[in-house]
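Asks: Sequence:
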Amino acid sequence: HVINELLMGKPLAQLDEDMLKFSNMTKEYQDLVRMEFFIVSWQMLQNFRGFCDNEMKLKGDVFDEDAFFQQPPEKLDETMFVVIHGYRQMLAAFFSDFEVGAIASIKVFDKQLKKTPGVAYLPFSICCGGVCCYAASHAVRSRSKAARYRRHGDRCRKQLRKWAELGNPNCRHSHALLQAEHKMLRSKYDSAIARFKDAIDLATSCGFTNDQALANERLSECLMRMGMDDAADQALDEAIRLYEKWGATGKVEKLRLAREKYG
Numbered sequence: 001h002v003i004n005e006l007l008m009g010k011p012l013a014q015l016d017e018d019m020l021k022f023s024n025m026t027k028e029y030q031d032l033v034r035m036e037f038f039i040v041s042w043q044m045l046q047n048f049r050g051f052c053d054n055e056m057k058l059k060g061d062v063f064d065e066d067a068f069f070q071q072p073p074e075k076l077d078e079t080m081f082v083v084i085h086g087y088r089q090m091l092a093a094f095f096s097d098f099e100v101g102a103i104a105s106i107k108v109f110d111k112q113l114k115k116t117p118g119v120a121y122l123p124f125s126i127c128c129g130g131v132c133c134y135a136a137s138h139a140v141r142s143r144s145k146a147a148r149y150r151r152h153g154d155r156c157r158k159q160l161r162k163w164a165e166l167g168n169p170n171c172r173h174s175h176a177l178l179q180a181e182h183k184m185l186r187s188k189y190d191s192a193i194a195r196f197k198d199a200i201d202l203a204t205s206c207g208f209t210n211d212q213a214l215a216n217e218r219l220s221e222c223l224m225r226m227g228m229d230d231a232a233d234q235a236l237d238e239a240i241r242l243y244e245k246w247g248a249t250g251k252v253e254k255l256r257l258a259r260e261k262y263g
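Counting with the UniProt record's numbering, you get residues 1 to 263 for the letters of the sequence shown.
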């Protein structure tokens, strides 16, 4: 339940307290499988709040991804391997480390569909992977890399479209966001803006504060590419307000530092 609420953008400070209570309960019942999945989610929450040395590493007081990956290959739990890379895509999308997220998405996309079908995090992870792929495709100099990231972004977008058409209400705003990213990459800015606004409206109707914030931030990027600096600033201000409401202190601080540096 608390993991679902994390993905739905519920206030992080309260979820942090709830996760502490739940972790004690899970330890008491020695539910090791659930505990491992849970602590990775909890560490991601800590990263969003800024309680870590490296925002892109699931490493802190709750979980240490380095210790996990240092295990012998035959002892690595494949589902946990997939989940860690799935969460890495989310961190990459929100902290704008897009190529890292794109690489993670390409690495585990098929395994995610096979190992974690029906898990609440999956559509959001696929969406974040798609955002990273489209953004990285725009940023990298290598044409072959750009094409590879674009193709995988298309794959993420089509997967979300399939789920949305099958009636999954949690995929509609994510699909709209990837449609917007796809349009922006192709320099179809007016269409991109319309789809970003659709993504914002759909996320708002579901109460997903985190997704509202990300869509506003990406809308700001689109407006900036069009030279609409005032509108871009307004969209970024709204993103910061929503990140603050969510409790993502680490993200808010990063955006404010970037604004001070680049104006």
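Rather than coming from a laboratory, the hints here were simulated on the basis of the structure.
Be careful, since some hints might not be right.
Cross-link-like lysine to aspartate or glutamate pairs, in silico, DMTMM-like; alpha carbons within 20 Å at most [as the list claims (entries may be wrong)]:
hint : residue 1 : residue 2
1    : 115       : 99
2    : 21        : 61
3    : 57        : 36
4    : 111       : 61
5    : 188       : 165
The following label-pair restraints were derived from C-beta to C-beta distances [stated by the list, open to error]:
hint : residue 1 : residue 2 : range
6    : 113       : 20        : 28 to 36 Å
7    : 20        : 75        : 22 to 30 Å
8    : 75        : 194       : 34 to 42 Å
9    : 20        : 231       : 38 to 46 Å
10   : 72        : 4         : 29 to 37 Å
Just so you know, these numbers come straight off a predicted model, no measurement behind them.
Yeah, the Cβ is synthetic: ideal placement off N, Cα and C, and Gly gets one too.
Asks: Take a look at whether the Cβ-Cβ distance between residue 72 and residue 4 falls inside 29 to 37 Å.
Replies: holds (33 Å)
Asks: Quickly compare the C-alpha distance for residue 57 and residue 36 to 20 Å and report which way the hint goes.
Replies: It holds: about 16 Å lies between the C-alpha atoms, which stays within 20 Å.
Asks: Under the criterion that the straight-line Cα-Cα distance not exceed 20 Å, is the pair residue 188, residue 165 satisfied?
Replies: Violated: residue 188 and residue 165 sit about 24 Å apart, past 20 Å.
Asks: Using the C-beta atoms of residue 75 and residue 194, is the stated range 34 to 42 Å upheld?
Replies: Because 49 Å falls outside the window, the suggested range is violated.
Asks: Could one say that the CB atoms of residue 113 and residue 20 fall in the range 28 to 36 Å?
Replies: holds (32 Å)
Asks: Please verify whether residue 111 and residue 61 have alpha carbons no more than 20 Å apart.
Replies: violated (28 Å)
Asks: Quick one, are residue 21 and residue 61 close enough, alpha carbons at most 20 Å?
Replies: Within the cut-off at roughly 16 Å; holds.
Asks: For the pair residue 20 and residue 75, does the Cβ-Cβ distance stay inside 22 to 30 Å?
Replies: holds (28 Å)
Asks: Straight-line Cα separation of residue 115 and residue 99 no greater than 20 Å?
Replies: violated (24 Å)
Asks: Taking 38 to 46 Å as the stated bounds, is the beta-carbon spacing between residue 20 and residue 231 within them?
Replies: The hint (38 to 46 Å, Cβ to Cβ) holds, given that residue 20 and residue 231 are roughly 41 Å apart.
In terms of the numbered hints stated before, the structure departs from hints 1, 4, 5 and 8, listed from lowest to highest.
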